[in-house]
Amino acid sequence: MHPHMPPELALTARNLRKQYPKVLAVDGLDLDVRRGEVFGLLGPNGAGKTTTLEMLEGLTPMDGGEIEVLGLDWRRDGAAIRARIGVQLQSTSLFNKITPREALELYGSYYPRCLSADALLDLVQLTDKADAYHVTLSGGQMQRLALALALVNDPELVFLDEPTTGLDPQARRGLWDVVRRIKAEGRTVILTTHYMDEAEVLCDRLAIIDHGKVLTQGTPMGLIQELAIPSVVELTFAAGEPDPAPFAQRLGQAVTARAGIWEIPTFDPKALLPGLLEAAEASAVPYQQIHVRRATLEDVFLHLTGRSLRD
Amino acid sequence: MLLYRQFVMEWKLFARDRAAMFWTFAFPMLLLAGFGTIFRSGSAPAVTLVAAGGAARTPLAQALATTPVKVLALEGPEAEARWRKGETSAELEESGGGLRLRVNTYLMAQGQMAAQIVQQTSLAGQVRARGGEPTWLPVSMESPGHATSANYAAFLLPGLLGLNLLSMGLFSVGMVNVSYREKGKFRRLAVTPLPKWIFLAGQVLHRLTVTFLQSAFMLALGYFAFDIRNQGSYLLLAGVMAWGTACFMAMGFALASFAQTSEGYAAISNVFFFPMMFLSGVYFTLDSAPKWMQQGVVVLPLSPYLKALRAVFNDGADLSGHGVGMAVVGVWTAGCFLLAVKRFKWA
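Residue numbers (the working numbering), protein chains in the order written: chain A, 1 to 311; chain B, 1 to 347.
No wet-lab data here; the hints were simulated from the structure.
Yeah, the Cβ is synthetic: ideal placement off N, Cα and C, and Gly gets one too.
Wrong hints could be hidden among the right ones.
Taking lysine to aspartate or glutamate pairs in the EDC-like style, the calculated list, with each CA pair at most 16 Å apart, reads [said to hold, decoys possible]: (1) A:97 with B:10; (2) A:97 with B:142; (3) B:185 with B:10; (4) B:12 with A:102; (5) B:12 with A:131; (6) B:12 with A:105.
Reference excerpt, derived from the structure (chain A facing chain B, CB under 7 Å, subset only) [to be verified]: (7) 8; (8) 12; (9) 79; (10) 82; (11) 83; (12) 95; (13) 97; (14) 106; (15) 109.
Please put together the full structure from these sequences, using the hints given.
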């Protein structure tokens with residue numbers, strides 16, 4: 001008997017495993033995704049994010065574990081699941097000379113129920129490119145079309161695999177807006193990314209993945225706070241940093257100097273700053289700028305693995 | 001309904017692809033028109049023979065002026081200069097008190113024709129010198145099935161029809177499927193509820209209609225430009241075409257299953273494409289090729305297929321003499337189909 005998941009969950013995965021000839025890509029991974037949330041799988045390239053996502057999407061057969069999607073099981077209800085989920089693959093290859101409108105109508109025809117091409121084009125802001133050949137779209141426009149295709153069947157659950165990889169900053173922001181609108185329509189979104197800023201901005205909850213395992217799960221803020229990583233006050237210098245020892249002594253705080261920057265870790269920047277500014281004034285520290293950097297998901301990842309996300 | 005939509009979309013996208021339209025429709029027709037015109041039989045071959053120095057003033061040279069050969073009389077040094085430039089295909093010159101003919105190895109076709117005519121004229125001259133009159137054997141141009149149509153275009157047309165089927169199978173089916181797999185088009189379809197067979201059926205239907213249209217255009221061009229007619233029954237011709245379409249389509253699907261990338265597929269398909277294109281009698285018969293080569297090529301399906309196709313089209317024959325050949329094609333079809341079904345992968 002298959003254990004039925006609670007109705008507030010859109011997807012559960014238990015002890016997911018995928019063995020490729022040379023690597024164990026996914027190694028006992030558990031996930032719970034709630035209805036209506038944007039859930040992120042964050043991890044470096046090769047962490048197993050895409051393999052995990054493809055098992056959840058029913059594209060890659062799993063070697064072990066259990067997946068339940070919208071209360072259904074891939075092994076029995078594949079067609080029913082496909083009709084209710086939307087998928088954007090890492091790269092969506094369309095015909096060069098198909099227009100966005102035609103592509104949406106064609107893919108819409110594969111489903112029992114579909115949204116109108118006009119509404120979708122409007123949602124992803126491609127109305128003025130509706131009848132242009134696919135090959136003439138920019139990278140950001142192609143990604144937005146791929147996103148619209150993933151929504152063509154009015155899905156409850158949407159999978160997005162690295163939706164903004166390779167896009168310029170402006171195009172990324174445009175895509176983030178669309179993801180927010182998808183969430184506002186009440187859909188559940190599961191996305192993968194290796195951009196921590198994207199995960200922080202978009203995701204209600206996320207799982208940090210490395211070597212095919214979930215290292216930790218939670219809300220972005222929760223994960224950062226949970227780890228009790230201090231914020232860092234940084235003083236930057238235009239021409240080489242001076243010796244920080246006298247200043248550190250006056251301040252009564254440890255100061256690390258490196259590459260033109262002094263770093264002063266603190267759990268309470270607000271309380272530290274007045275004294276810090278005073279000490280800098282008194283010691284005539286020739287700093288150029290001051291800013292406070294709070295801990296990010298990057299630091300969480302670094303803390304958990306000892307490596308940076310981009311390694 | 002789904003299948004129909006898929007089929008219509010295939011046609012729409014195909015019609016927008018100018019390169020595909022050119023290679024599918026225009027190119028075979030250009031080949032037929034071009035080669036058919038160049039090798040139109042009946043028109044006199046334009047062969048120029050250089051007669052150097054004293055050779056130009058011999059009775060033989062004068063007799064040659066009444067033949068299709070055009071005699072160009074040049075003095076020794078001029079003749080030598082023309083020869084060196086490579087413009088002379090054959091040269092009649094004085095040699096040790098007699099005459100001799102020099103043939104340019106780079107221009108064998110014209111040179112040999114000139115040589116033949118010079119020899120005949122020379123022999124006829126010798127017969128007349130002894131008071132005789134040479135008699136010529138009547139020559140009639142006929143195909144193996146005694147059809148009247150004897151021009152090269154009539155030989156070429158069925159060859160091109162077969163070649164079209166081969167390139168449709170290996171490229172429009174095989175190459176396209178490898179690239180769909182490589183670029184992830186199949187994966188994108190796999191996450192939709194569209195039954196896969198509908199996608200493939202749409203593709204196959206599209207290729208079938210393309211082949212039908214392509215063949216109709218070729219037949220029309222043959223009829224209007226070269227007065228070539230199908231000598232056999234159109235029903236039988238359609239049957240033979242369908243038999244070949246099935247074979248080469250299956251071959252495309254089968255070969256596609258062996259390649260991971262388009263580059264890999266190009267290498268694999270060319271191993272089959274080029275030998276068949278050149279050695280299966282598309283453009284010329286292989287009767288003068290070594291026996292082992294002829295027999296080796298029979299193992300590939302295009303050669304026996306074209307023999308059967310020509311028998312029907314050019315000679316109006318039935319397939320009674322081509323059972324083995326059609327069986328060879330059938331074995332290829334069955335083998336490729338089984339391989340394709342067993343090995344076909346979406347991703």
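Going through the hints against the structure:
1. Simply put, residue 97 of chain A and residue 10 of chain B have alpha-carbon atoms about 11 Å apart, close enough for the 16 Å limit, and the pair holds.
2. Only pairs whose Cα atoms come within 16 Å are accepted, and residue 97 of chain A paired with residue 142 of chain B is rejected, the gap being roughly 49 Å.
3. Distance hint between residue 185 of chain B and residue 10 of chain B is fulfilled; the C-alpha atoms sit about 14 Å from each other, no more than 16 Å.
4. At most 16 Å may separate the alpha-carbon atoms for a hinted pair to count; residue 12 of chain B and residue 102 of chain A meet this at roughly 10 Å.
5. Proximity of residue 12 of chain B to residue 131 of chain A is assessed by CA-CA distance (about 14 Å); at most 16 Å being required, the pair is judged to hold.
6. At roughly 14 Å between alpha-carbon atoms, residue 12 of chain B and residue 105 of chain A fall within 16 Å of each other, so this suggested pair holds.
7. About 25 Å separates the beta-carbon of residue 8 of chain A from the nearest beta-carbon of chain B, more than 7 Å, and the hint is not met.
8. For residue 12 of chain A, the suggested interface contact is broken, since its CB lies about 20 Å from the closest CB of chain B, more than 7 Å.
9. The beta carbon of residue 79 of chain A is positioned within 7 Å of a beta carbon in chain B (closest approach about 5 Å), and the interface hint is therefore held.
10. Annotation: interface hint on residue 82 of chain A holds; nearest CB of chain B at approximately 4 Å, less than 7 Å.
11. Because the closest C-beta pair between residue 83 of chain A and chain B is about 5 Å apart, less than 7 Å, the hint holds.
12. Annotation: interface hint on residue 95 of chain A holds; nearest CB of chain B at approximately 5 Å, less than 7 Å.
13. Of the supplied interface hints, the one on residue 97 of chain A holds, with its beta-carbon coming within about 4 Å of a beta-carbon of chain B, less than 7 Å.
14. For residue 106 of chain A, the shortest C-beta to C-beta distance to chain B is roughly 6 Å, which falls under 7 Å, so the interface hint holds.
15. Taking 7 Å as the C-beta contact cut-off toward chain B, the hint placing residue 109 of chain A at the interface holds, the least distance being around 5 Å.
Comparing the model with each numbered hint stated earlier shows that hints 2, 7 and 8 do not hold.
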